[in-house]
Amino acid sequence: MNTKVNFCGVEFENPVVTGSGTFGFGYEYSQYYNLDEIGGISVKGLTLKPREGNKPPRIAEVYGGILNSVGLQNPGLENFLVNDLPFLKKKFSKCKIIANIAGNTLEDYIEMGRLISQSNVDLVEMNISCPNVKHGGVAFGTDPCMVSEITCKVKEQCNKPLVVKLSPNVTDIAAIAKAAEAAGADGLSLINTLLGMKIDINSRRPILNNNVGGMSGPAVKPVAVRMVWQVANNVNIPIIGMGGIQDGNDAVEFMLAGASLVSVGTQNFVDPYAAVKTVYGIEEYMTKHGIEDVNELIGAVKPW
Amino acid sequence: MHTQVKFCKIVGKREIAKNQVELLLENEILAKEALPGQFVHINIGSEKNILRRPISICDAYDNITRIVFEIKGEGTEILSKKNVGETLDLLGPLGTGFTVKKDAKAVVLGGGLGSFPLLYLAKNLTSPKVFLGFRDKEMVCMEEDFSACGPTVIATDNGTYGYNGFAINAAKEAMDDCDIIYACGPTPMLKAVKQIAMEKGIEAEISMEQRMGCGIGACLVCVCKTKSGYDKVCQKGPVFKASEVEFE
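Going down the list, the sequences are from chains V and B. Just so we're aligned: 294 in the working numbering is position 294 of the first sequence, and the numbers increase by one with no gaps anywhere. Just so we're aligned: 201 in the working numbering is position 201 of the second sequence, and the numbers increase by one with no gaps anywhere.
I should point out that these hints are in silico values taken from the structure, not numbers from a laboratory. This one's a predicted model, so the numbers in the text were calculated from it and none came from an experiment. Using N, Cα and C, we set each Cβ at its ideal position, and we do this for glycine too. It is possible that some hints are incorrect.
Okay, the calculated bits of chain B under chain V, using three or more residues with CB under 8 Å as the criterion [what the hints assert, rightly or not]: (1) 2-10; (2) 38-50; (3) 200-212; (4) 216-222.
Just chain B, with the same shape it has in the complex (with noise of 0.2 Å):
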């Protein structure tokens, strides 16, 4: 039986926050096969832009498989661009996702769009903590989402809502007093997690981020420095031990 690139309806669109866009894609197969921290390779139909678009997998339930995505760059612009009722060709779920301790004592890290990727592995936590920063409220989104499952700090750079200053900031109590760290963000947010789970000596995971091209291990393209050599994200990853990352 051979893997098949999936196609996906589009039944659900909606704009979460500024240039923050959901799709609820239908698919069976595709929502029960997902796990946390995985993600989808979305072909997105342009000649100009050839390559797929790596899309991290916010949620799965029943026939529906939920992303989130930034429009940064063309490639997402375009993806904005299609509507409820269009079918998206996609291959995933892809890649190695969170490792789910579902009784730890966790610390759910987010910073802005690398908080979409937790809130799969959120709802399947028994009681995590939670803590997502944004650049300002205009950003802010999700907070009902991961509320519902477990207590939620929200953290602006700017403090125009919630905690004034960085997320990770925001934790250092939680962070004492946890088995395990999951974060998905920014370079310098990753980099002082594991700083802080070695000198803690708890355990992190971290979901890496990387300009990518087949997304199934082929191509060697979207590597990422790990006391391994490079590592393949789109194989080995996203998601991986802390401690393993070394930081370039």
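In isolation and in its complexed conformation, chain V is listed as follows (with noise of 0.2 Å):
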């Protein structure tokens, strides 16, 4: 059985990654399991200077999911090359690692993009999607013409493969893919969380000290399993499918809509093996299905 994929030039182990904001910095979790059982870990969203993040509370628990505003709290680009990167690279050879990146400018994504350029991260994951910070985010994210700038600059000075990570919150997302696909991106990973609320009804105040947040978790998977089929329909990069995969079997659901590779984020909290729990379920159902290569399933719907 091979589970391997070449995701942008880059051999993954298997389809399955963590989704970042949901992972650190990959510590916590390698406590509960060795990362090289999984294909590898986006880590939680760099920007070129640390950030503090939104006031809590930053989380709110809704009908099958959560809303989170934490804001983008992280040590800085610098502090992540310097300390934790090379942790993960010493005491994981298999895991790759997806360094996310955010800026509130362009010169921002720009900058970011060069100083990995010299390190030993694998892939670059470009968060133009990230619904709870004022400046940049989103903004870069949901008109095509900001994409495309963006995409071709980042790629200009970056010389890893440069995966542009989708907002699902745009009219229509084949056309922001699209736009990064023409504009030199590797890859596209989808979806970023939706934008959403929750009110207390007794003090009539929002949950998240920040009003909305972006929700994810097993109520968003149709959305964001209709998406990736969409995106995989009018693009030929590969992607990264994600939105409240729990299991294995929600893995081969959004491969067979079309992606390569799978991200587990949530459910880590939920369950801190669902990540590796999602590898074996992607082999069982191999197994039972009899299938002898992972790359199979990728795009193997068959629409009505």
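Take the two lone chains and join them into the complex the hints point to.
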């Protein structure tokens, strides 16, 4: 049985990675299992300078999911490259490291792309879809012209495969995906969180101090699968599919819709072993259906 | 050796006051590892309410960990329906608990359900002076448990039992002559503890609460404002030095 997937020229042991913002920099979950058992991790969103994040509460539970408004709290790119990355690379030989970057300005993104080029990060995931920050973030990801410009300029400075993470909070996600592809993106990842809100009817206050936040978890899965399918039908670059994956069956669904890699996010909070169990779940599915190579699943949906 | 999710059999259950549920959990490793002020993160097994629930550790002995929680929302409601014989999937013990200064002159101050995590602490102190506040007589609980550790004053907001007023007011004199204050309870109380401790130049440790995600430090959701920025309640806390916390 082959579970290896070549994604943008990088060989992943299996198609399962973890979602940025749900897995820190890997330390915490590496206490529960060996990260070499999963394909890779996408680290907490990094900004050029350290960032404090939003005022709490930053999380609200909703039906079958959560809302978050962390606001990209992180120690800054340099800190990651100096402290966290060497730890991950020393401790894990197979697990691929995806650096997720977010900026306030175009210049931030370009500078981060340049700095990462000198590191041993495996891929860059460019977050132009964070709904929780006032400047940058999703503002870059909702206009095809902006997506094109930012992708093109970062690509010029960055020698790592560049994956653009797309926002679902748009009218036509395929148009955004095509703009990223045309501008030179090596891959796409989707979906980021859906903008949502929850109000405490007794206090009449939103639960989140930010009032609104990004929704994730099992409840968003059908929207995510649909978007992966739509994007896969419109581009020729590979996709990391995510949104509410709980197990191997969910992962297979995303692959059938067109994802080459799948990402486990919110489910890590429910079960620390969620990502590694997803690997086993995919293997069980392959055995049950007599599938020799996991790559056979990618885009293999038979639409009516 | 990797950390494991722990499976704990519920071996005891009772309502110790109105809507206050006690569960006794059987797991030798958990009971041995637990430190005062730490918590467990419980999977309640609901498809609607997917997040684990952080519940403080009230006491630990032999192979038993005792937790007490208030039925407040849907999550704790579901948890309250678990019965003796059922098994809970939990992470823990998690977080940084109290610094146990065994022989110090200590004031232990609890407000409402904030009293629960203080029992295991009080049991580890030589002669704590305990002050616990509850809304009214109906809510008073664990008086005997605490009395076994040291002199215990119960206060009720409406004076229906014990001292009439807030526990922090009942503790005023004791706080004049102590080395350290340990507190857990509503934010206004913790804020007052910080102020008193700063004025008197004594140490204080307070247990903070915040809506939580992963519980192990990965998601950066449950933060508390401190001198060094937003710190994770699940990892650096839930217990912080009062002087470090910046109330927003």
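Structure-based check of all given hints:
Counting residues of the segment 2-10 of chain B whose beta carbon lies closer than 8 Å to any beta carbon of chain V gives 4, which meets the minimum of three for the stated coverage. Proximity of the segment 38-50 of chain B to chain V, defined as three or more residues with a beta carbon under 8 Å from a beta carbon of that chain, is established by the 5 residues found. For a cut-off of 8 Å, the count of residues in the segment 200-212 of chain B with a CB near a CB of chain V stands at 3, and the three-residue condition holds. Against chain V, the segment 216-222 of chain B contributes 7 residues with a C-beta closer than 8 Å to a partner C-beta. That satisfies the three-residue criterion, and the hint holds.
Violation of the numbered hints given earlier is absent; every hint is satisfied by the structure.
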